[in-house]
Amino acid sequence: MSGYCYTVGQLILTLIAYFIRDWRWLTLAVSLPFFVFFLIAWWFHESSRWLVMSNNPEQAIKNLKSVAKCNGRKEEGEKIDMKRLQETMKKEMSCSQGTHSVLDLFRTPTMRRMTICLSAVWLSTSFAYYGLALDLQKFGVDIYLIQVIFGAVDIPAKVAAVLSMTYIGRRTSQSGALIIAGITVLINLLIPYDKQTARTCMAVLGKDCLAASFNCCYLYSGELFPTIIRQNGMGWVSMMSLVGAMVAPMVLLTADYLPWLPGLINGGIPILSGIAAIFLPETLGSPLPDTILDVEDRGTGGSSKVSRKEAIILQDTQADLLKQTA
Numbered sequence: 017m018s019g020y021c022y023t024v025g026q027l028i029l030t031l032i033a034y035f036i037r038d039w040r041w042l043t044l045a046v047s048l049p050f051f052v053f054f055l056i057a058w059w060f061h062e063s064s065r066w067l068v069m070s071n072n073p074e075q076a077i078k079n080l081k082s083v084a085k086c087n088g089r090k091e092e093g094e095k096i097d098m099k100r101l102q103e104t105m106k107k108e109m110s111c112s113q114g115t116h117s118v119l120d121l122f123r124t125p126t127m128r129r130m131t132i133c134l135s136a137v138w139l140s141t142s143f144a145y146y147g148l149a150l151d152l153q154k155f156g157v158d159i160y161l162i163q164v165i166f167g168a169v170d171i172p173a174k175v176a177a178v179l180s181m182t183y184i185g186r187r188t189s190q191s192g193a194l195i196i197a198g199i200t201v202l203i204n205l206l207i208p209y210d211k212q213t214a215r216t217c218m219a220v221l222g223k224d225c226l227a228a229s230f231n232c233c234y235l236y237s238g239e240l241f242p243t244i245i246r247q248n249g250m251g252w253v254s255m256m257s258l259v260g261a262m263v264a265p266m267v268l269l270t271a272d273y274l275p276w277l278p279g280l281i282n283g284g285i286p287i288l289s290g291i292a293a294i295f296l297p298e299t300l301g302s303p304l305p306d307t308i309l310d311v312e313d314r315g316t317g318g319s320s321k322v323s324r325k326e327a328i329i330l331q332d333t334q335a336d337l338l339k340q341t342a
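Reminder that position 279 of the sequence shown reads as 295 in the numbering used here, one-by-one numbering, no gaps.
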């Protein structure tokens, strides 16, 4: 859902930019909604956990029942009482006392390979996506029109990504989206500059595939990382995505030396990361892994071959958690 909201925001930005041409006033205009959201935030429910820690458990229970009612789970909400709330909080707090860190993403073979491949996928998706978006003027089409087109194609792309991940598989969808995106960018290098319609169509197709790749990234990565370090893993790959977005504008500067070099880089990197995605395990129809050992077992076909030293590391990092939740 957040992906579609991003697309709607992109279309609204085009409309605002069309009427507000000065970049300073445009920046101010697109920043104003944040002040509105700041005011609305005062009517949001406080975190139930924070309310309990602040000696206001009655309000926490009231808020939880309100949320359950909004989600059509009124009967389940009525069952929430002080005892159940305390039990749930104790369980959550015990689960959060593990000694896991971002280093656990690289300690063992399967986790290390998976993290490196996902890092490449996220970085290249963001890198090529923003590389295309920042280079709209080279297509010789009205910049506002092509921005609308680039935003509108995100919707069918994301729908196609959902269908593909559901019926074909996560790995094939992720890898295919990146490879096709890279190929379209490379093909654009071979199309004469005066064939602007053909060049624009290929760019739109590439942007389409990159939007689909973004949709795949969020779901696929969440299913690959184990529960105990899922947030660490998602934080890491999100950081790699930001690195890709930061590097993208710099690549355009290489056109001063070789005009075709930005296109080669923007097309080649997604293809390489798409190939890397082939080495990731398929998660369609598979249960989510809970521990790092689950990931290692899945990566070795059910019989983990991690070394004795690595096994000791895993046992040490998970021992407290397993004892407390037993």
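The set of hints was computed from the structure by calculation and includes no laboratory data.
Keep in mind that this is a model prediction, so the values were computed, not measured.
Incorrect hints may have been included.
Claimed, not checked - Pairs of lysine to any residue residues, derived as SDA-like cross-links and limited to a Cα-Cα distance of at most 20 angstroms, are as follows:
hint: 1; residue 1: 78; residue 2: 47
hint: 2; residue 1: 174; residue 2: 26
hint: 3; residue 1: 78; residue 2: 54
hint: 4; residue 1: 81; residue 2: 52
hint: 5; residue 1: 81; residue 2: 103
hint: 6; residue 1: 85; residue 2: 101
hint: 7; residue 1: 81; residue 2: 67
hint: 8; residue 1: 81; residue 2: 93
hint: 9; residue 1: 95; residue 2: 82
hint: 10; residue 1: 85; residue 2: 71
hint: 11; residue 1: 78; residue 2: 94
Let me make sure I understand: some of the numbered hints might not hold for this structure. Which ones are they, in numerical order?
1, 3, 4 and 10
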